[in-house]
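Below, each chain spelled out in residue letters.
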Amino acid sequence: MAQPVQTSTGAPAPGGHGGGFPPFDSHSFGSQLVFFAIAFGVLYVLMSRFALPRVAGILEARHKSVENDIEAAAKMKAETDAAIAAYEKALMEAKGRAQTIAGETRDRLAAETDAKRKKLESELAQKLTDAEKTIAASKAAAMANVAQIAGDAAEAIIKQVTGEAAPRATVDAAVAKAV
Amino acid sequence: MADPIHQFELKTIATVGHIGNMPIVLTQSSVYMIGAVLAITLFILLGTSGRRLVPSRFQSMVELSYEFVAGTVRSSAGTEGMKFFPLVFSLFMFILILNLIGMVPYSFTVTSHIIITFALAAIVILTVIIYGFMAHGTHFLGLFVPSGVPAWLLPLMVAIEVISFVSRPISLSVRLFANMLAGHIALKIFAGFVPALLAAGAWGLLAPLPLALTIALTALEMLVAVLQAYVFATLTSIYLNDALHPGH
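Top to bottom, those sequences are chains A and B.
In this text, residue positions in the first sequence follow our numbering: the first is 2, and each later residue adds one.
In this text, residue positions in the second sequence follow our numbering: the first is 556, and each later residue adds one.
The hints are simulated quantities; they were obtained by calculation from the structure and are not laboratory data.
There's no promise every hint is true.
Using C-beta positions, here's what the derived DEER-type ranges look like [claimed, not checked]:
id: 1; chain 1: A; residue 1: Arg50; chain 2: B; residue 2: Leu775; range: 17 to 27 Å
id: 2; chain 1: B; residue 1: Leu709; chain 2: A; residue 2: Arg50; range: 24 to 34 Å
id: 3; chain 1: A; residue 1: Phe22; chain 2: B; residue 2: Gly756; range: 28 to 38 Å
Which bits of chain B does chain A cover? Going by a derived footprint, with three or more residues having C-beta under 8 Å, they are [said to hold, decoys possible]:
id: 4; stretch: 561-568
id: 5; stretch: 643-651
id: 6; stretch: 665-674
id: 7; stretch: 744-756
id: 8; stretch: 776-787
Please read all numbers here as calculations on a predicted model, not as lab measurements.
Cβ atoms here follow ideal geometry from the backbone N, Cα and C, with glycine treated the same way.
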């Protein structure tokens, strides 16, 4: 144990460095190459078959997961945008409808008021004309009475002054002429 | 003073058999390699055992190393290069863990042996060549023929391209090997000054200087350990890009 590698014969091979400088000792090359081939071969197989696919799988899974998350976020954002757009549209429609309804109501109420007012005005006009007619009739009646009274008064006055009765028809004509 | 080369010696644990005349020896280096493989595997499997959507700190470390290497591959070799991701990841983690284990005092640095780093580089270059020919056939040779070069210059350019291609495994392996080797030798030498000065009477007053330097060097070597693993992974990705797209 713990001795420099020697060939079985112990003699330096031609061209070899004897045991001078270990890295250049060609006697050890064969053994080193054999174990290097085994070690590196095993390492390569382990890496390419098991270790690296495993790491790649983990990285791939993470990549996918992040991508999915981003995709989901984008989808949610699109949904939110659509919802906002729908809300705004509904709001606009509602506003429009409200305005229409308000306008209609206003028009309807205005028309009703107008109709009522017209009806009232016509009724008032009717009443006014009726009243005017009544007044005219009363006035005519009053005027007739006035002529009668004036006639009577005139007849009485003539009777007092002259002492004799004047014919009623002449008195009435004279009164009518005076009034 | 302690021998700075001693730390690179391989220590036999058991002789497991022979290939022809050559004994196959289990050394501490082999044990470190097997330990590193186990450590890497456990790191990832335990770290991801929760399979959490929101990772724990441990799982975060695993994911961080995964995404770091994946980013390196993707930036150098494109999305197509991801088919080589397990290879680059294995190389990166293997080198990184062995470099870092080597920073533990009294431990052994597997990547300070040129044969290991060369084997790592050979895996890369053989992958490039084999995949290049399998995917593109003879078109792969277009790698050595830069487009838009005058005909009389082509032989020279092809020669340069071939030399640059051949030197890739060498530079790749020597860069890692030399960095680890030199760093550990420097560390050992400066650390060795501390007891040597302490043992030399009045000179002992100077002992804090190499100690401070050793601490600073340790920090630097930690950086080198990580950086070299990263450089290896990046260059591997760049070379693999050539296999994917051989046209210049």
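Hint by hint, here is what the structure shows:
1. For Arg50 (chain A) paired with Leu775 (chain B), a C-beta distance near 37 Å fails the hint of 17 to 27 Å.
2. Judged by the Cβ atoms, the range 24 to 34 Å given for Leu709 (chain B) and Arg50 (chain A) is violated: they are separated by roughly 45 Å.
3. Judged by the Cβ atoms, the range 28 to 38 Å given for Phe22 (chain A) and Gly756 (chain B) holds: they are separated by roughly 34 Å.
4. Under the rule that three or more residues need a Cβ within less than 8 Å of chain A, the assignment of the stretch 561-568 of chain B holds, with 6 such residues.
5. Counting residues of the stretch 643-651 of chain B whose beta carbon lies closer than 8 Å to any beta carbon of chain A gives 4, which meets the minimum of three for the stated coverage.
6. Figure legend: the stretch 665-674 of chain B, annotated as covered by chain A; annotation consistent (6 residues with Cβ-Cβ distances under 8 Å, at least 3 required).
7. Counting residues of the stretch 744-756 of chain B whose beta carbon lies closer than 8 Å to any beta carbon of chain A gives 0, which falls short of the minimum of three for the stated coverage.
8. For the stretch 776-787 of chain B, the stated coverage by chain A is violated: 0 residues have a C-beta nearer than 8 Å to a C-beta of that chain, whereas at least 3 were required.
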